[in-house]
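Please arrange chain L on chain P, whose structure you already have, making use of the hints.
There are 2 protein chains.
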Amino acid sequence: MAFKDATVQEIDQVMQDAWKAFLQYRKTTLKQRADFMRTIGSEMTAVSDELIPTVMEETHLPEARVKNELARTIFQLTSYAAACEAGHWLEVRIDTANTEKGDPDIRKMQVPLGPVVVFGASNFPFAYSTAGGDTASAFAAGCPVVVKAHPAHPRTSDTVAKAIFKAVEKCGLPKGVFGHVHGAGFETGKALVTHPHTRAVGFTGSYGGGKALFDWANQRKAPIPVFAEMGSINPVFVLPDKLKQSAREVAGLYAGSITLGTGQFCTNPGLIIGIDNEDLQVFINELGAAIKKVAPGTMLHSGIAKAYGEKRKAALEQQNVETVAVSELPAKEEQGVPTVASATAQAFFNNPLLHQEVFGPYSLVIRCSDKDELLQVVSHLEGQLTCTLMATEKDIQTHTELVDMVQDLCGRFIHNGVPTGVRVALSMQHGGPFPATTDSRFTSVGADGIKRWVRPLSFQNWEDHLLPDALKNANPLGIWRTINDQLSNGALA
Amino acid sequence: MAFKDATVQEIDQVMQDAWKAFLQYRKTTLKQRADFMRTIGSEMTAVSDELIPTVMEETHLPEARVKNELARTIFQLTSYAAACEAGHWLEVRIDTANTEKGDPDIRKMQVPLGPVVVFGASNFPFAYSTAGGDTASAFAAGCPVVVKAHPAHPRTSDTVAKAIFKAVEKCGLPKGVFGHVHGAGFETGKALVTHPHTRAVGFTGSYGGGKALFDWANQRKAPIPVFAEMGSINPVFVLPDKLKQSAREVAGLYAGSITLGTGQFCTNPGLIIGIDNEDLQVFINELGAAIKKVAPGTMLHSGIAKAYGEKRKAALEQQNVETVAVSELPAKEEQGVPTVASATAQAFFNNPLLHQEVFGPYSLVIRCSDKDELLQVVSHLEGQLTCTLMATEKDIQTHTELVDMVQDLCGRFIHNGVPTGVRVALSMQHGGPFPATTDSRFTSVGADGIKRWVRPLSFQNWEDHLLPDALKNANPLGIWRTINDQLSNGALA
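Chains as they are written, first to last, in this note's numbering: chain P, 1 to 493; chain L, 1 to 493.
In isolation and in its complexed conformation, chain P is listed as follows (with noise of 0.2 Å):
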């Protein structure tokens, strides 16, 4: 089955139809938005049996990830559906008149952006795809959704697709509020992107198709806001104290996130930085042996096996840089074998092909001669999405100015855990300095991901029977209002 990349004019039509679908679905209730994700849900379970055998064919991913993948995009869609409703991120701010002064009355509520493009991710074939973060926090805010389906899988992305648009007709929405189209060339995006009637853009993937979007967003007549998140090595410091009381325990928790997934999350972790002494060559040595009975992985699609290959053989191949294990297990084509090498800070502070991230289940431990170059080289790192600190209380009352540091890199900072797994939760950042991500204000996971989509509006001066329900003195919705700069969610005396 061939997709044909949708041509410019085929694009027009799709944003000209979420234009005009845009101009209802804003004025749909919270309920409504609600009750619309709940329903993609729904129709998502109802063609598990079609999704699950396409989603493991297009991309190798094992079945009982793919499941879980699959029931965490549902969980997605369902609790941005409650903080939808919550209606907390409507960020509802009401100054009434003050005839003295002069002041006006003034409400404040967040109305939707518009259209929004959504560019999936390879390594998420469900939860940052078609019907994933990205898209149910778009729907959320009230913006119509057009979806770029990844190349990598097509099928599933065609699939889901079918499944929105059964959601969009079962609540009666205008047709134009999900859009769907194919597109393997530079070209489809690019005119996605610089269309007039898109006014944002979210994007999962690498550093390379994030920036381009970026690049367009910004050469607009009209610049519109990009949140693209494209990866990060996240850096785990661990300390001397940390190693000397268990250094087998991290090696081993360690040996488990770099090769989860067989290394195809974001959030894996390429980068382990120490002071060397004895107990890092344990921490090593148990890594080392650990990473060697690790089984190699079909990875993705063969463009992410080759650059596995391609990036894991030069980081290998530069000087200074100690292979330290490779799995003893036989690999088959196109699938990624998990490594882990060794270099001295020095090295690393020489050589930036270091400091980036090589996509799968490799990490490069460094060794530090003290604690000044453990601090160099956070000066070296650029933005991530996580750090983490393994450390006891005794390190961190050493290593002060470290842990300082290392909260600027960062969108997330994990004590004595690894950056693997990203509970979907309001509390979750998934987003940090760039280049982890293009605006570190916003972040991805978690319903805080709506605030992408949405700007302030304010009225000033409009009578009670004529504002939007959530400015309404009677507070209608029962939401939580600032009113005169105190929080209430009672109605306005």
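Don't read these hints as lab results, they were simulated from the structure. Predicted model, so just to flag it, every value in this text is computed and none were measured. Each hint should be verified, as a subset may be incorrect.
Treat identical chains as interchangeable: a pair holds within one or across any two.
Said to hold, decoys possible - Here are the simulated lysine-lysine pairs, DSBU-like style, with alpha carbons at most 35 Å apart:
no. : residue 1 : residue 2
1   : K190      : K211
2   : K67       : K31
3   : K472      : K394
4   : K20       : K211
5   : K211      : K27
6   : K221      : K211
7   : K306      : K162
8   : K211      : K313
Positioned in the frame of chain P, the structure of chain L alone reads:
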């Protein structure tokens, strides 16, 4: 007194100092920041006898206006200080561990981005300049600020800067928390925006200036957010029933708004749109009669006076543009002459020059032949700070599509009022779709302006005593937090 442009070396030093100060300043408590902001206010009050004549000399603004603006600026500092302490802007979200599901404890709060560079406005020498809204909100966020003094009021800026330096010293803060440089040229701005330690930019001024900063920021190796407020023509729709009932009153109200402060407000109503009939003619005649009686005022500086003279002349010379009225009172050099012109909707559609802001006491009345043309005007407009509807209930019922469409254009939507007069309150949105601002999701007025300078940081699996106070179980700051999706201002059980 001459002000030399800061050299690239001087700027580098200022930004290095700002970065060093950031590492300390971000750890200050909310109370320390609020005290600092209040101290700036009292230091400005202490030098008001020096400030007021200086600013009057540099900007030609009358004493009453200047005193008013100083009071407003101090109110901004103290009210944002209160918002800083209240801590809503920290947007704390806590999700406790769920051991059954294997979900870790995650706690999120807003943290400062780093040094913010502020480019003040010529038309608000206090309120949107050295110690203005951008500076105050950045200090609240925990960010050091480097101000580039506006070349139209360098002595005023120096005097305010001295007050801030004094406050820095009194509060025992690191010196680099505030920096102040001069620069009339292009190079100073570029060096500030492209410096690696600059983490965000605030700007109020012209489209040309703001767009240049935006482009430089996006072309950096690591792009940074720019919030540039770049002006607006603030369309006002005067609907038929409203005019039938009160054409004279509306005309009087708008004659005042158009000429307030010699038209030098970014919310000045530069475009008035109505359906041509007898009532609109009455409105135009009355507006003209009132405008003729308004005295010209000396503009902020010779550059603005020259630009007003030229743009006004060019607008009046366009084909099918009729001059309705010009102030009949004598005008001195560098004074802005109150002027109202009129044109048909067709003339407006055919001539993009008429869509542009003429910064000063000028407004253009567009005469539409019917409802459809009124809607067409909306589709010809770009993003705006404000839109206003002068309308009765009957008008609103018969113009539902217009009411809908206008909301897409603007950040603040006014009913039966004037756009001039920007209330400093949490409910205020001073920011609109491009080109009114570079990012419609943020505001430069009101305490929500703090959001421009912060990003979320999640702490995963940290023990209570190692967490920042805002995230601790006991809620020592006594702030509102979202705990397991429920708002609470109490401790975590």
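To see whether the hints hold, each was checked on the structure:
| no. | hint | verdict |
| --- | --- | --- |
| 1 | K190 / K211 | both (12 Å within a copy, 22 Å between copies) |
| 2 | K67 / K31 | within (28 Å within a copy, 49 Å between copies) |
| 3 | K472 / K394 | between (54 Å within a copy, 20 Å between copies) |
| 4 | K20 / K211 | both (29 Å within a copy, 30 Å between copies) |
| 5 | K211 / K27 | both (33 Å within a copy, 33 Å between copies) |
| 6 | K221 / K211 | both (18 Å within a copy, 11 Å between copies) |
| 7 | K306 / K162 | within (32 Å within a copy, 60 Å between copies) |
| 8 | K211 / K313 | within (25 Å within a copy, 44 Å between copies) |
Checked against the numbered hints given earlier, the structure satisfies every one of them.
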